Amino acid sequence: MLQPIGDRVIIEVEDQPEETVGGIVLADNAKEKPTQGKVVAVGAGRVLDSGERVAPVVQEGDNVMFDKYAGTKVNYADQEYLVMHENDLLAIVK
Amino acid sequence: MLQPIGDRVIIEVEDQPEETVGGIVLADNAKEKPTQGKVVAVGAGRVLDSGERVAPVVQEGDNVMFDKYAGTKVNYADQEYLVMHENDLLAIVK
Amino acid sequence: MLQPIGDRVIIEVEDQPEETVGGIVLADNAKEKPTQGKVVAVGAGRVLDSGERVAPVVQEGDNVMFDKYAGTKVNYADQEYLVMHENDLLAIVK
Amino acid sequence: MLQPIGDRVIIEVEDQPEETVGGIVLADNAKEKPTQGKVVAVGAGRVLDSGERVAPVVQEGDNVMFDKYAGTKVNYADQEYLVMHENDLLAIVK
Amino acid sequence: MLQPIGDRVIIEVEDQPEETVGGIVLADNAKEKPTQGKVVAVGAGRVLDSGERVAPVVQEGDNVMFDKYAGTKVNYADQEYLVMHENDLLAIVK
Amino acid sequence: MLQPIGDRVIIEVEDQPEETVGGIVLADNAKEKPTQGKVVAVGAGRVLDSGERVAPVVQEGDNVMFDKYAGTKVNYADQEYLVMHENDLLAIVK
Amino acid sequence: MLQPIGDRVIIEVEDQPEETVGGIVLADNAKEKPTQGKVVAVGAGRVLDSGERVAPVVQEGDNVMFDKYAGTKVNYADQEYLVMHENDLLAIVK
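Residue numbers (the UniProt record's numbering), protein chains in the order written: chain A, 1 to 94; chain B, 1 to 94; chain C, 1 to 94; chain D, 1 to 94; chain E, 1 to 94; chain F, 1 to 94; chain G, 1 to 94.
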């Protein structure tokens, strides 16, 4: 299990259907980077200068949108995840 | 439904009339980027260092102006929206 | 009506007399950018980290000076305005 | 009259004697930029995050030194002034 | 023993199996930089503006993930370690 | 007299002995920039966000060390001084 | 004696054995920059926005590690020292 640090969340990126151009399957690096995924773990939250910790608003299982350049890729148990700060999330898809 | 995170708002950009130059319809990337739209969702607001959350001043349904480079485009239910921080809005059109 | 967000003000730029060089009227982009105007709307003010909102010191109707690169141009009701943060104003002309 | 905004001060730059090199008067842009002047107006001061306003320490009439790149030039009533943040002043000349 | 300063942690990087390409062992600088390791020492934590010290959440012995560009390499007792700010850690592997 | 603003100090730079290379006196711009001097005036100190003013720790007459790129040169009464923020001083020489 | 300002520490860099490549002593600028040394003086500490001063955690005599680009070289009494902010230290070697 991965436990994100601070205000980070871990996101399982949605499988994207294979993209084809005129029947030809595109190479991985020719695909659009994903911008949607499912939150699989949430950190304890950011510590304010007042010493208070701000509880994250997203929760495990939330579907979220993010900028395609947000986050850091990590591999865990043969699966790829994105780790990003909660504030890099744009919106929860409900 | 999209629920914006923190101090973000989601904006439905106004349809712009097709631009033509001498009767020729311009390609999409030759159009001016939009700078006005309607707020369709508002986040819970920014958390101050004091721990207090600042309620946004814009509301669902407000018509707003923004800089043409503000925000991130997202697609949801076959419609394009802009997600931006409330502070990137310039003014409410009343 | 335009209601500026946060600590922004909306400024109606002074009409500048047509500039001529040896009797030839200069093109728009050869004119000096304006640095003076009249405040037509004032936002509610900036929120401090303490949660307090700082009331702006400029008021509707004030004549103000600003740097020629300050602000964002917006069009409203066929008139051009500048929107800028109150702190980008240099001085009130009394 | 010019009333500076926030922690700004307005400075009347000292007249500099015409500079000559071997009897030839130098063009304006070949002169050293001024670094000394007289404060002619003082803003209400900067607002701290605590909401408190810090009264400026310089006063109208003070002779001050500043970096030659500090401030913004403004014209008012056919005279040129410099507007700068109080904190860009280096020292009061007593 | 190394005692990290402030909010820093010291990480023993995991031994990575020798990488070979077609039977040829890769030179050190052709290997991927490690992104996982074990925390061997934890600093006292960051001091907030309120004067409070935030106790780190990672502990000695935790397995952690980090960005491959995070931290500074140090040598101690013939072993190489990474020193980084706790906030540069992405997640604890549990 | 020069009264520095805020957390600034005024430093009289130590006379440096003429540098010669093989008996040839070096031009001014070939000399090392000074890094030591005597504090001749001290500002009232920096104002914190809490509104409190931090009294400077250096005092008139202190010999101090600073980085060779720190500070701004000013001329006063035919003498050259350096004005810099107290925090740009490295150490007091006792 | 050198008394560092604020949160600075003064470090006596460890003598490094002469480096030779194939019996040839390397010139000074071909040596690795030192990353370890002994603290010889400690400043009073950094002042927080709350007005509180944070006492440094390192003490005179501590052996410390630092990044090879940290600090400013100063000469005092014919010996070279490094002056750096306490927060640029990586770890205390115990």
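Derived by calculation from the structure, the hints in this document are not laboratory data. Treat the hints with caution; some may be incorrect.
[Unchecked claim] If you want the footprint, here are the derived chain G segments under chain E, 3+ residues with CB under 8 Å:
1) 43 to 51
2) 74 to 84
[Stated by the list, open to error] Pairs of lysine-lysine residues, derived as DSBU-like cross-links and limited to a Cα-Cα distance of at most 30 Å, are as follows:
3) K68/B / K94/C
4) K73/G / K73/F
5) K73/C / K68/B
6) K94/C / K38/B
7) K94/D / K38/C
8) K94/B / K73/B
9) K68/B / K94/A
10) K38/E / K73/G
11) K68/A / K33/A
12) K33/G / K73/G
13) K68/G / K94/G
14) K94/F / K38/G
15) K68/C / K94/D
[To be verified] Chain B regions said to be covered by chain A (calculated; three or more residues, Cβ under 8 Å):
16) 49 to 59
17) 62 to 69
18) 72 to 79
Since the model is a prediction, treat every value here as computed from it, not as a measurement. Using N, Cα and C, we set each Cβ at its ideal position, and we do this for glycine too.
Here's how the hints hold up against the structure:
1. 43 to 51: With 3 residues in contact (Cβ-Cβ under 8 Å with chain E), the coverage given for the stretch 43 to 51 of chain G holds.
2. 74 to 84: As far as the stretch 74 to 84 of chain G goes, the hint is violated, because 0 residues have Cβ atoms under 8 Å from chain E.
3. K68/B / K94/C: At roughly 34 Å apart (the allowed maximum being 30 Å), K94/C and K68/B break the hint.
4. K73/G / K73/F: Satisfied, since the Cα-Cα distance of roughly 22 Å is no more than 30 Å.
5. K73/C / K68/B: The hint holds at about 11 Å.
6. K94/C / K38/B: violated, 38 Å
7. K94/D / K38/C: violated, 38 Å
8. K94/B / K73/B: Judged against 30 Å, a Cα distance of about 25 Å means the pair holds.
9. K68/B / K94/A: Holds - the C-alpha atoms of K94/A and K68/B are around 28 Å apart, at most 30 Å.
10. K38/E / K73/G: violated, 35 Å
11. K68/A / K33/A: Between K68/A and K33/A the Cα gap is close to 6 Å, so the pair holds against 30 Å.
12. K33/G / K73/G: holds, 12 Å
13. K68/G / K94/G: holds, 20 Å
14. K94/F / K38/G: holds, 20 Å
15. K68/C / K94/D: violated, 34 Å
16. 49 to 59: That given contact holds, which follows from 3 residues of the stretch 49 to 59 of chain B lying within Cβ reach (below 8 Å) of chain A.
17. 62 to 69: Contact hint for the stretch 62 to 69 of chain B vs chain A: violated, 0 residues under 8 Å.
18. 72 to 79: Holds, because 3 residues of the stretch 72 to 79 of chain B bring their Cβ atoms closer than 8 Å to Cβ atoms of chain A.
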